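Chains X and P are the protein sequences, given in the same order.
Residues 1 to 261 in the UniProt record's numbering are what the first sequence lists, from first letter to last.
Residues 1 to 395 in the UniProt record's numbering are what the second sequence lists, from first letter to last.
Hints were generated in silico from the structure; no laboratory data involved.
Owing to the predicted nature of the structure, the values given are computational and were not obtained by experimental measurement.
Errors might be hidden in some of the hints.
To spell it out: a stretch of chain P is covered by chain X in this simulated footprint if at least three of its residues, at any positions, have a beta carbon under 8 Å from a beta carbon of chain X; those stretches are [unchecked claim]:
no.	stretch
1	202 to 214
2	299 to 305
3	311 to 322
Straight-line alpha carbon distances no greater than 35 Å define the calculated DSBU-like cross-link-like pairs of lysine-lysine that follow [said to hold, decoys possible]:
no.	chain 1	residue 1	chain 2	residue 2
4	X	Lys-144	P	Lys-206
5	X	Lys-89	P	Lys-206
6	X	Lys-151	X	Lys-173
7	X	Lys-173	P	Lys-206
Note that beta-carbon positions come from the ideal geometry of N, C-alpha and C, so glycine has one too.
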Amino acid sequence: MNSEEHIIAPVESAAADEDIIIVRDLNKWFGQFHVLKSLNLNVKKGERIVICGPSGSGKSTFIRCINHLEAHQRGEIIVDGVVLNEDLKNIEAIRREVGMVFQHFNLFPHLSVLENCLLAPIWVRKTPRKEAIEIAMEYLERVKIPEQAHKYPGQLSGGQQQRVAIARSLCMKPKIMLFDEPTSALDPEMIKEVLDVMIELAGSGMTMLCVTHEMGFAKTVADRVIFMDGGECVEEGPPQSFFNNPQQPRTREFLDQILQH
Amino acid sequence: MNSDPSLPPKSSVKPWNDPRVRSAVFQILAILAVAWVGYSLFQNTLTNMASRGISTGFGFLDSSAGFGIVMSLIEYNESMSYGRTFFVGLANTLLVSGLGIIFATIVGFIVGVLRLSNNWLIARLALAYIEIFRNIPLLLQIFFWYFAVLGTLPSPRQSVSIGEVAFLNLRGIVLPKPIFEAGSGAVGIVLIIAIIISLAIARWAKRRQAATGQFFPVLPVSAALILGAPIIAYFALGSPIGWDVPALSGFNFRGGITVIPELGALLLALTLYTASFIAEIVRSGIISVSRGQTEAAAALGLPPRRVLRLVIVPQALRVIIPPLTSQYLNLTKNSSLATAIGYPDLVNVFMGTTLNQTGQAVEIVAITMAVYLTISLSISMLMNIYNRAVALKER
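Chain P with its partners taken away, still in its complex shape (with noise of 0.2 Å):
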């Protein structure tokens, strides 16, 4: 028997009766169990793979893919491999997923905060508008975007002119494109140097406040200094970026930048139909904070304004930030609806054509989970960082 004082008491329950030991065995045998499937799906997979005369591996990503792509961000062209075609699909679901986020957030937030607005309209309407794209599924939305709004658009020759500089048309929306010359350069240096020192008059300016009490408006001045100093370099250096305006030529557009419908719609239905969720979200995160912190901030004389930023924003933002994670997931992974309108994004280009071509089902289905796994996983750390920061600390 353990008569040392300084250890823990053996247990004198039977083996089978033990709780440690029990759970022990089951774990074992869940183990066994999954380790047996998992290694007969792969056999069976191999085995059949092998009868129907499929090779494995990923040599194929090597061979040339032949067919193209309407929208690509990185170089591409059809004598390029199989390879590449999964960077172009992922570049454009990154591309749709990344703005989608962006706008689905700032229209998430505006709209979440009026619908508690005090004026019966702006709340009535904001009301109306999460009603209604939170409940019809989103590839209806989609549909009715790329279908019914863009698809209705004229001709190239009959396009929409915003200002004879943007065109819009059935075939998307073509905008000039910058054409950087001889000095352009000095005008991104002088905007770099602008930010420098902005950052330096905020820093300047909290220090002050530390000292005097003084209050600096830093982000109006900042932000004259960031947008007005390129545009004077720009205007003094004799405007070295020059702009390819698109024209018109024969049935087409020539020059410039065209974004294409299916981008178009795609984003504006993930953004819009998101965003509804957002707005909720938001909401509840602004309902959630207590009338007395609101009461209490009030009752020290602090302008509403500075109620919101400094007492309830803050603290609506840990309530907000993990369902607010979970939209963004849902965002990027519901932007692989894309391929029911022919977006290019990875699931319609590397799931879709790709696969077709190549009948290498197991890895390019493989692959494509794997990145999708790693993006969800990505953001959540990233927002899980973020909320750490912002959480509360008790105890």
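Only chain X is shown next, with the shape it has when bound in the complex (with noise of 0.2 Å):
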């Protein structure tokens, strides 16, 4: 077993009664492909929630539904109280509070570290160019790069860019913050530091839904673990149970692949 549990202590859990995402039914097709089969998922504000399982279960298809990156072709969306339809007002007043850390950063290279930050903040919010400069500082801060706000993404590391796109995000205040497989196009040793932002943001009672297929990050932050495969739920609970007495076949085989080494 991973040895990092015995490490960090798990952080405290925030999750209040309200729910902020409610997915019902939730079907989508690639063509002929049936990808998301029948999913329901309820998150609480202030939970975290961490999603595993194979390449090609869908799991990264899911979170992108949540933002609307994917649509979806039946069943329910409701985040933060509106319904995420086909209509691009509603699109864009959820995209405003969710934010969403992908696997190859995709910061915009023509921009600064700091333009990046600010683009958002400035165009969709309409925050003075100042007052957006001081957030953007504080989120650089927060992810310990506020010396490179001058340089451009190329001039990053794998780790700092990954950790830039977490602070730009962060900087649109956003309600849920969306992880897909942060870290699985880094190298081992920019894994940490990126992992250490992401269990930092969890302390400070972030809502958080994350595809990933570090276990230790799991086991430290998550409230529930979701493992898909073939497109479906096939599991869900607490890390404790999920992890030390996996219920489903499919599940434990996972694990055994995942935490062999």
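With the hints as a guide, dock the two chains, each given alone in a separate frame, to form the complex.
This is the structure:
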């Protein structure tokens, strides 16, 4: 078993009673291929959820549906009281409140780190530039790279870029953060610096949905772990029981695979 | 031997095996060969010209040309010098190239974006346009516009009237000509003031955004101001600019400005041909920006048009600019096909009539080639400066 769980004390849960994300009977097809099969999920404010599963299980597609980067065909998604449908105003309203961090960072290479962080607050939130700079510097400090503010993404390491990407999302002061395999494209020695930022963020009471293979992270911060396979939610539960006592054979098989080495 | 450790160690390689020595030797040999070829060409030409009795030098530029040119942007008549014909041709070349570059860029960008449209019909129409105009030789297209389209227009007496002020016929398009009367300067001054105010508004809007976060519609307000203010001034001052409207008299029009069909055909062909290449360049530039960029920008809540303007276009430009430069160069050089339909460009006038009359082939060809080289290098330089401004910074 991973030894990290003994070193890092689990982060205190800040989950409230109120549901901030409601997913009911979510179905999605890519052409004929049924990627998401009748998913249901209620996420409470401040809850931290880790989604894991083998590749092709639909976990990335699932969280990309929550801010409508992927359109679903059947079912209902309600985020922060707004129903997600084809209405562009609703989609933009939800995206303002939902931050997203991608596997490949997707920083804007033509803008400096600071400008990356200013773009959305200025153009979407209509924040005065001076105030936006203050907010951006505050978050860059939180991800521990204020000194890189005037560099360009191409001049930073992968770990630094991902931390900037997290700061860029936080500058919009989102209520929910989605992480789509944030450490999968990183060199091993850079994974920790990104996870540290995410753990710190979890401690601040942010609602988080995280697709990741970092089981140490899941044990440390998750309130709930969801295991997906073949577009279905196979098993879910608090990390304690999920890791120590998985119910489904498919879950056991998966955990054996990834925790072996 | 060299024993100072602060200096690089001396090479112990034999000179004929040393790559530096070898490359120096070959370079010297190459320079000698080029110089010898150049010298013998020069001598050969001088000897040949002397034996035929052709005088060399640029003295011919001062003698009277004695031939007319159908279109001139600068003052010209038959009694003027051959030197003058050079500038007439150059101005006509610059006119058609400059207008061609502007129109081809506009058409090319629009078609390139339409080609990526989600609307099936629009995307297919753009594709059809690109494939047709890109794959037919330019000379053929020039002939098409000149003989098949503009050449079949009616004679001046049956002109197609555009609102009774402009007329389209076999001899080109006749437009009304502005006549600046007393007081027209005031309209110009109002225009300049409107531009200055617009620039001030843009600066104010930027400062206000920094302070309050509010956006101001700078573009529509400036456009209204720059267009509207001079129009109001024009009428307030009692229409100080008169219009010389062309009128039919006998078999042709009198007054107005005539745009000759040669210019129209050449401009149409150059624009539409080059625009089809620019459209593909624009499309490839936009596609080259990874999907992740659009997704990241959209996930931040930016609406689609802001995503395009703030994230996609700035990144696409750095891919678009180098091939766009070579299209501009192509267009400029292709404008020399003017000679096929008799548009009086530099090649037609100077390297055509002037050369024929004076026989000073070496001088004229050298001047003409130097001019195209200068124009092309100037365009390249400007585009390189712009390219450096939009280039990505890495490392």
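Compare the structure with the hints numbered earlier in the document and write down the numbers of the violated ones, lowest to highest.
When the structure is compared with the hints, none of them turns out to be violated.
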